[in-house]
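Engineer: One letter stands for each residue in the lines below.
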Amino acid sequence: MINPISYWRLKDRYFNLLGTKCTKCGAEWFPPARVCRKCGCQDLVDHEMPHTGRLLAHTVLKEPSEEFRSSAPYVVGLIELDNGQRLLAQVVDVDPTGLQDDTRVRLTIRKLAEDTKRGTIFYGYKFTPLP
Amino acid sequence: MSRAYVASVGMTQVGEHWRKSLLDLMVEASLQAMNACPSIVPDRVIVGNMFSGAGSNQEQLGAYLASQLNLVGVPAYKVEGACGSGGAAVHNGYLSVKADESEAVLVCGVEKMKDLDVGRATAALAMADSAEYTQFVGATFISLNALTHAMYVKKHGVAKEEMAGFPVLGHRNAASARHSMFKRPITVEDVIRSPIISDPIRLMDSSPICDGAAALLIVNERKAKELGDVMVEVAASEVAANLFTIYERPDPLDYVATRAAAGRALAKAGVKIGQVDFIEVHDAFSVTAALALESMGVSGPGQAPKDVTKGRFNLDGELPINTFGGLKGRGHPVGATGVYQVAEAYLQVSGKAERNQVKGAKVGMTHNMGGVDTTTSVHILRREG
Amino acid sequence: MKPNSRVGILGYGAYVPIFRLPTTEVARVWRGEGAGPNKEKAVAHHDEDTFTMACEMARRAVRMAGVKELGAVLVGTESKPYVVKPTSTMLVQALGQHFTLAADLEFACKAGTEAMQFNIALVSSGMIRAGLAVGVDTAQGRPGDELEYTAASGGAAFVIGPATDALATFEASTSYVSDTGDFWRRPGEKFPSHLGRFTGEPAYFHHIESCVRAHLKETGHTPSDYTWAVFHQPNPRFPLEVGAKLGFKPEQLEPGLLNMSIGNTYAGSSLIGLASTLDVAEPGDRILMASFGSGAGSDAFTIEVTDRIVERRKLGVPVKDMIERSVKVDYALYVRFRGKLQD
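Chains as they are written, first to last, in my numbering: chain R, 1160 to 1290; chain G, 18 to 402; chain C, 6 to 348.
Keep in mind that a hint or two might mislead.
The calculated lysine-lysine pairs, modelled on DSSO-like cross-linking and capped at a C-alpha distance of 30 Å, are [stated by the list, open to error]:
(1) C/Lys345 / C/Lys90
(2) G/Lys369 / R/Lys1221
(3) R/Lys1270 / C/Lys325
(4) C/Lys90 / R/Lys1221
(5) C/Lys345 / R/Lys1221
(6) G/Lys177 / G/Lys323
(7) C/Lys333 / R/Lys1170
(8) R/Lys1221 / G/Lys200
(9) R/Lys1180 / R/Lys1197
With beta-carbon atoms standing in for the labels, derived distance ranges [as the list claims (entries may be wrong)]:
(10) C/Glu38 / R/Pro1232: 31 to 41 Å
(11) R/Pro1288 / C/Glu38: 35 to 45 Å
(12) R/Gln1259 / G/Val135: 50 to 60 Å
(13) G/Arg189 / R/Lys1197: 40 to 50 Å
Heads up, incomplete: computed chain R residues facing chain C, CB under 10 Å, no partners named [as the list claims (entries may be wrong)]:
(14) Asp1171
(15) Phe1174
(16) Leu1203
(17) Glu1207
(18) His1210
(19) Ser1230
(20) Gln1249
(21) Val1251
(22) Lys1270
(23) Gly1278
(24) Lys1285
Hint data in this document are derived by calculation from the structure and do not stem from the laboratory.
Treat the numbers as computed from the prediction; the structure is a model and nothing was measured.
By construction, the Cβ of each residue, glycine as well, lies at the ideal position given by its N, Cα and C atoms.
Put together the whole structure using the sequences plus the hints.
Structural biologist: Set out below in structure tokens:
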């Protein structure tokens, strides 16, 4: 089950797509890199990624991990943000049968999972077709 | 610096072992290997395993096994690299012997998966990938491979009938193997009609969730000679790590770690890929076998599915792969797989492969991946003389 | 109530989920045939809730307003994801604001307009430069109850700030409340209860009429001084009836009437009607908005549209587009989405 303290640490990553940016070469990284993969600099600062991008590939997931059982089936997409950084996210408000690669998508905050025993809700990013 | 040899192997049946625990499996495989060479007492115990904690509430597997084998005082520890734990454990045993720090290492790979229901097993397997950015968004390990499969098909236009050649081959070889999980051959129709699990991956494209353990005794040259049996050298043992997730990689279809490990292993062993007699390749899903073979240079880009369909990789083909069924046919108890592969390679080059024998096999390669080519190990075994 | 310094709306944003439950479906399950007073209602997906929807509307409003800082974030709702743990703080995190006055307000369907009133006071007092008011709900109706036809999900957010930067300004606001228990829910209960026809005259009509009459007196306006009128809309009929009683013509209400296609979004209802009206309003138009919240009370506002609206609203998403973006669900999917299967 998702750890609530780890979740709290990651809020801005999940709500605002906060990655890191290299202070030397300007390269942007999401997930956040601690050592710049382009120039090796260790001085990176928090930086918000663009909230829009395009869908590179997608799959309809039918057998989720335990905590996501109540959401199945759902679409998982590989998304390339407008700055070239890539991430995985569910794609919502779409009909999976008609979903095309290269569709322009944007971030939306949705519920990811709930710990029904403890009563905590975990929110994070999913993506939905523009507008 | 010594050379390292595989002296003996042990393997449990791969399957659903409701009545055998994690420990039962480890001990069974280990005793098989040890009893084959009663004169050798291991001076080190290394266990390869992925999720004994999440699956059985048990860590510290090195001491756990050593204790049951009455091997007190020897170095004993667990090595983990997701589904590549087995290969990493073998590598560690190899290094100990090469460095003259051990004379005889017991390497045991084990996984107990069937005690978990599907949802929990899926969650445990997903721990191979990022907790914060893969698991948290609801992606599973299968979905990562499904995305890869979709991109692979889009790039090369591969027909699903051709991809199906991999599981068909796996089941055919597994049917005659003693320790394999599946004994029933399947057809291309069976594969492409099987239900979709994570589009486009079907049930029969996926290796099964199962239990099993395999063990090896890796010894130095002196101990190997004393046995008077065929000498099987571990001619190379290489491990390589990739960028952690597929979305951090410039090209998700390029198995960088596989290429690095295979390249180094072949160079170390002084062997070209064309001189290898068989390859035990990591076919967790049909697409991983295809991409691994292409990254190693065995097949051209997008060509591996055509090669398997043409019969190039059959047991009696130009370059046999997965001679006992591979992950799909023999089974994939994740942390154990890498050790099963090396054990199978030993059986091949030592001429003990029975109905699955590749004629004249002398040099074999194994390829074991943790995650999606994230922790990849390649071993080359060679018969001396 | 007139603020000392003039304040207005810098930006607004609405959100309506894409799913629609036809009322014929509700009637089919519970009555065998027929329909409700409205055609359809908007239904949130199972991974949406008051907070996730508030994020959408708030981000749209902030983008239109072009503000970087918010001195207040006030969320009016009766369907908070947590009973104890403010939705406003989660919204604050999503907006990247921390030095804000954040609070959740509850007054049934008028909590959103209250959030607006507090923001007007905070801005006009000079304590903050700009603040956010959100009215949002994932309203629940007891299965089989007539409210199930209309209880819907959605809402709107407004950034309030100085009149010099506003697309519409507030002239005044009036409130009228009394202890009238027409509709209520005790802690731990999943669905609200209500007094049927009593929710009409003694509740909805009495409070809106009392409030608006007082407001017209305070401002010196008559119904014909207004271009548009937006009333809380629990069903398609009530706003037209109360409008007529007060002397407004049906054409004045037209752009704000959404209940027929999306149902009653509770704390979002008046605000989303206002957003829809602003989508078509011209500079110089005068708008009356009067909400109603059970318990009970009404808030009325006189709003004047400025020149800035034409360019500013191009940065938004028209309510009409959101309504048109719709996917029908049946009663079974609705029950799954809204978690009505759990005990």
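Engineer: Each of the hints needs a verdict: does it hold here or not?
Structural biologist: Outcome of the hint check:
1. Taken as a hint, the C/Lys345 and C/Lys90 pair is honoured in the structure, with Cα atoms around 23 Å apart against an allowance of 30 Å.
2. The straight-line distance between the Cα atoms of G/Lys369 and R/Lys1221 is roughly 42 Å, outside the 30 Å bound, and the hint therefore fails.
3. Distance restraint check for R/Lys1270 and C/Lys325: the Cα-Cα separation of roughly 26 Å lies within the 30 Å cut-off, and the hinted pair is therefore satisfied.
4. The straight-line distance between the Cα atoms of C/Lys90 and R/Lys1221 is roughly 33 Å, outside the 30 Å bound, and the hint therefore fails.
5. Restraint check for C/Lys345 and R/Lys1221: satisfied, since their Cα atoms lie roughly 22 Å apart, inside the 30 Å limit.
6. Annotation: proposed proximity of G/Lys177 to G/Lys323 holds, straight-line Cα distance about 11 Å (limit 30 Å).
7. For the suggested pair C/Lys333 and R/Lys1170, the alpha carbons sit about 33 Å apart, so the restraint of at most 30 Å is broken.
8. Distance restraint check for R/Lys1221 and G/Lys200: the Cα-Cα separation of roughly 27 Å lies within the 30 Å cut-off, and the hinted pair is therefore satisfied.
9. A C-alpha spacing of about 11 Å is found between R/Lys1180 and R/Lys1197, which places the hinted pair at or below 30 Å, so the restraint holds.
10. As the Cβ distance of C/Glu38 to R/Pro1232 is approximately 33 Å, the hint placing it in 31 to 41 Å holds.
11. In this structure, R/Pro1288 and C/Glu38 meet the distance hint of 35 to 45 Å, their C-beta atoms being roughly 37 Å apart.
12. Range check, R/Gln1259 to G/Val135: Cβ separation about 31 Å, and the 50 to 60 Å hint is violated.
13. Between G/Arg189 and R/Lys1197 the Cβ separation comes to about 47 Å, which falls inside the hinted range of 40 to 50 Å.
14. The interface hint given for R/Asp1171 is met, as the beta carbon of that residue sits about 7 Å from the closest beta carbon of chain C, less than 10 Å.
15. For the restraint placing R/Phe1174 at the interface with chain C, the shortest Cβ-Cβ distance is roughly 4 Å, inside the 10 Å limit, so the hint holds.
16. Proximity of R/Leu1203 to chain C is violated relative to the hint, the smallest CB-CB distance being about 19 Å (cut-off 10 Å).
17. Given the 10 Å rule on beta carbons, the hint for R/Glu1207 holds: about 8 Å separates it from the nearest Cβ of chain C.
18. A least Cβ separation of about 9 Å between R/His1210 and chain C falls short of the 10 Å threshold, and the interface hint therefore holds.
19. The beta carbon of R/Ser1230 is positioned within 10 Å of a beta carbon in chain C (closest approach about 7 Å), and the interface hint is therefore held.
20. Restraint check, R/Gln1249 versus chain C: the minimum CB separation of about 8 Å is within 10 Å; hint holds.
21. Hint status for R/Val1251 relative to chain C: holds, with the closest Cβ pair at about 7 Å, below 10 Å.
22. With a cut of 10 Å, the hint placing R/Lys1270 at the interface with chain C holds, because the nearest CB-to-CB distance is about 4 Å.
23. At its closest, the beta carbon of R/Gly1278 sits 8 Å from a beta carbon of chain C; the interface hint therefore holds under the 10 Å criterion.
24. Hint status for R/Lys1285: holds, given a least beta-carbon distance of 7 Å to chain C, under 10 Å.
Comparing the model with each earlier hint shows violations of hints 2, 4, 7, 12 and 16; every other hint is respected.
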